[in-house]
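Chemist: Those protein sequence lines, which keep their order, are chains D and V. FYI, in the numbering used here the residues of the first sequence are 1 to 305. FYI, in the numbering used here the residues of the second sequence are 306 to 610.
Do not take every clue at face value.
Said to hold, decoys possible - With beta-carbon atoms standing in for the labels, derived distance ranges:
id : chain 1 : residue 1 : chain 2 : residue 2 : range
1  : V       : Ala590    : D       : Leu46     : 29 to 37 angstroms
2  : D       : Pro111    : V       : Glu503    : 56 to 64 angstroms
3  : D       : Thr298    : V       : Phe415    : 38 to 46 angstroms
4  : V       : Asp412    : D       : Pro197    : 46 to 54 angstroms
5  : D       : Thr99     : V       : Asp539    : 37 to 45 angstroms
6  : D       : Gly129    : V       : Lys567    : 51 to 59 angstroms
7  : V       : Gly353    : D       : Asp260    : 39 to 47 angstroms
Hints were generated in silico from the structure; no laboratory data involved. Note that CB positions come from ideal geometry on N, CA and C, so glycine has one too.
Number of protein chains: 2
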Amino acid sequence: MMDICLLGTGGMMPLHNRYLTALLCRYKGNMVLIDCGEGTQVTLNLQGWGFKSIDAICFTHYHADHISGLPGLLWAISNAGRTEEITIYGPPELERILTGLLVIAYDLGFPIKIVELEYREYNEMPIPGTEMFLSCLPLKHGKPCFAYSISTKRGGKFDLERAEALNLPKRLWGELQGGNEALFEGRRYTPDMVLGPEREGFKIAYCTDTRPVKTIPAFINGADLFICEGLYGDPEKAERARSHMHMIYQEAARLAREGDVKALWLTHYSPAMINPKEFLGVARAIFPGAAAGYDRITKTLDFGD
Amino acid sequence: MMDICLLGTGGMMPLHNRYLTALLCRYKGNMVLIDCGEGTQVTLNLQGWGFKSIDAICFTHYHADHISGLPGLLWAISNAGRTEEITIYGPPELERILTGLLVIAYDLGFPIKIVELEYREYNEMPIPGTEMFLSCLPLKHGKPCFAYSISTKRGGKFDLERAEALNLPKRLWGELQGGNEALFEGRRYTPDMVLGPEREGFKIAYCTDTRPVKTIPAFINGADLFICEGLYGDPEKAERARSHMHMIYQEAARLAREGDVKALWLTHYSPAMINPKEFLGVARAIFPGAAAGYDRITKTLDFGD
Chain D
1 MMDICLLGTG GMMPLHNRYL TALLCRYKGN MVLIDCGEGT QVTLNLQGWG FKSIDAICFT
61 HYHADHISGL PGLLWAISNA GRTEEITIYG PPELERILTG LLVIAYDLGF PIKIVELEYR
121 EYNEMPIPGT EMFLSCLPLK HGKPCFAYSI STKRGGKFDL ERAEALNLPK RLWGELQGGN
181 EALFEGRRYT PDMVLGPERE GFKIAYCTDT RPVKTIPAFI NGADLFICEG LYGDPEKAER
241 ARSHMHMIYQ EAARLAREGD VKALWLTHYS PAMINPKEFL GVARAIFPGA AAGYDRITKT
301 LDFGD
Chain V
306 MMDICLLGTG GMMPLHNRYL TALLCRYKGN MVLIDCGEGT QVTLNLQGWG FKSIDAICFT
366 HYHADHISGL PGLLWAISNA GRTEEITIYG PPELERILTG LLVIAYDLGF PIKIVELEYR
426 EYNEMPIPGT EMFLSCLPLK HGKPCFAYSI STKRGGKFDL ERAEALNLPK RLWGELQGGN
486 EALFEGRRYT PDMVLGPERE GFKIAYCTDT RPVKTIPAFI NGADLFICEG LYGDPEKAER
546 ARSHMHMIYQ EAARLAREGD VKALWLTHYS PAMINPKEFL GVARAIFPGA AAGYDRITKT
606 LDFGD
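Extracted from the complex, chain D is given alone in its bound form (with noise of 0.2 angstroms):
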């Protein structure tokens, strides 16, 4: 199971009742962050996952509201009493960014990772002291900007018929379900032996903040869950969010469509902005499986067998 948790879906400025657009995964005990404007560690206290399993932090740019609750998060993920190593990843310029913000963390518990990116896209890359992956696509806004992609693998179904055939104790049948070899009465028995072809894992994707760029639709492709920006509604502010490098919810909805996700959440709404579901149906018309995002708004995927 993966559980996803939208902790925020404000754009540029924090509000009292819409937190900065935040995305935190979940997967086997581990937590990976996507972005972390100021706020952040209040509304992920709200949600009650706690702090001290967050392994990574991504970020998409750096402005403000992307990236200004960072050294408050770090504090309060030491204060959790974390000691094991964080990664945070990034576009070019990480480094400098970091170097500057956390001039106030003092005394952390635990060390940082810096893993800057070049400005390119990356290919599922393995989270360090997790079992997920981290996929990067460069975007057009008004900095470099990433789009992210959290992915997990998924072995093989077992074959009960093939496993049989081996005559081995079952209790060894765990092992190599479990992708680890075994040794009986001399012979060495591997996991291809019980197991079918790698079946697919979970795949969510991440999009904010950006244009609609034509690579975006091959990236997402087949997502369990499309997290995507919709600075506005309204499709008549089209051309305000077209100048400001910001996407509407048509425009979101297009490119579910086109990148045949199972499901969209909009978030990084205008502060202006006050009722997100109210142009909901627009983006529905493209995309029945869209949804307006909310603070807080979780969704658990599993593999229903």
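Chain V: place on chain D using the hints.
Modeler: Leaving out everything else, chain V in the frame of chain D:
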């Protein structure tokens, strides 16, 4: 009149219902902010006094819970359309800290004047662009930390008898009362001809984070309002407060009594303290004018005449 608003009352970490301790002081259309932790812009937005008129920001010290909200606040002020310079005050290292934090504050519409203070006492420095004055006192905390007071001047009382004796047209009385000179029939008239001795203006004092050092009472003496930390209310936590270089309510109340202030607001509560009013009785037993501050508590000072 001077309006005072305690924007937040939390210490260490911002909570949804208790933002970090920060004070806003408004006088004759100008505003001065003391401290700006994560979320200060959120509670300031709720308060509704606007962002544009903030002329100065004073930092007590550079622990994240007192300064991490600065980049976002500056951005909000810029978005509100401010173009006039803002003065930022703080103890030594201010320039280094700001150089770090402002790495994510792009394209601000106004200049910033950095006033890095020496770690010593200052008495009534004029705050540029305002009619307020700033005083500073070194405290005792883990890092160099200032107590601040903000004060105003008040001219002498208008003496009707003396004014009448001058045989001036009444339209010139206002000039003299306002502190200006006047010319009439070739003779120069000065304000002291119609005004009594200068009277006491307003004074508020702000004191967090610190142990109760003995220089505080003289510094806060006679303040209309003393805002003071009380990390814990429970007298049994005195040792814990001492070891963290903070205070309990009783210590704050003793300072208020010794400083002969008119009122005390407690603030900077531990996140673990659910109900700050619970131990208010122990503070009032020492200083009856003690109140438990809460987010956006306000007070208007006037001279009552």
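Chemist: Against this structure, judge whether each hint is valid.
Modeler: Against the structure, the hints come out as follows:
For the pair Ala590(V) and Leu46(D), the beta carbons lie near 36 angstroms from each other, so the given range of 29 to 37 angstroms is met. Checked against the hint of 56 to 64 angstroms, the pair Pro111(D) and Glu503(V) passes, with Cβ atoms roughly 58 angstroms apart. Separated by about 41 angstroms at the C-beta atoms, Thr298(D) and Phe415(V) satisfy the suggested range of 38 to 46 angstroms. About 52 angstroms separates the C-beta atoms of Asp412(V) and Pro197(D), a value consistent with the hinted range of 46 to 54 angstroms.
One distance hint, 37 to 45 angstroms for the beta-carbon pair Thr99(D) and Asp539(V), holds here, with the actual separation near 40 angstroms. Checked against the given bound of 51 to 59 angstroms, the beta carbons of Gly129(D) and Lys567(V), roughly 56 angstroms apart, stay inside it. For Gly353(V) and Asp260(D), the hinted distance range of 39 to 47 angstroms is satisfied, since their beta carbons lie about 46 angstroms from each other.
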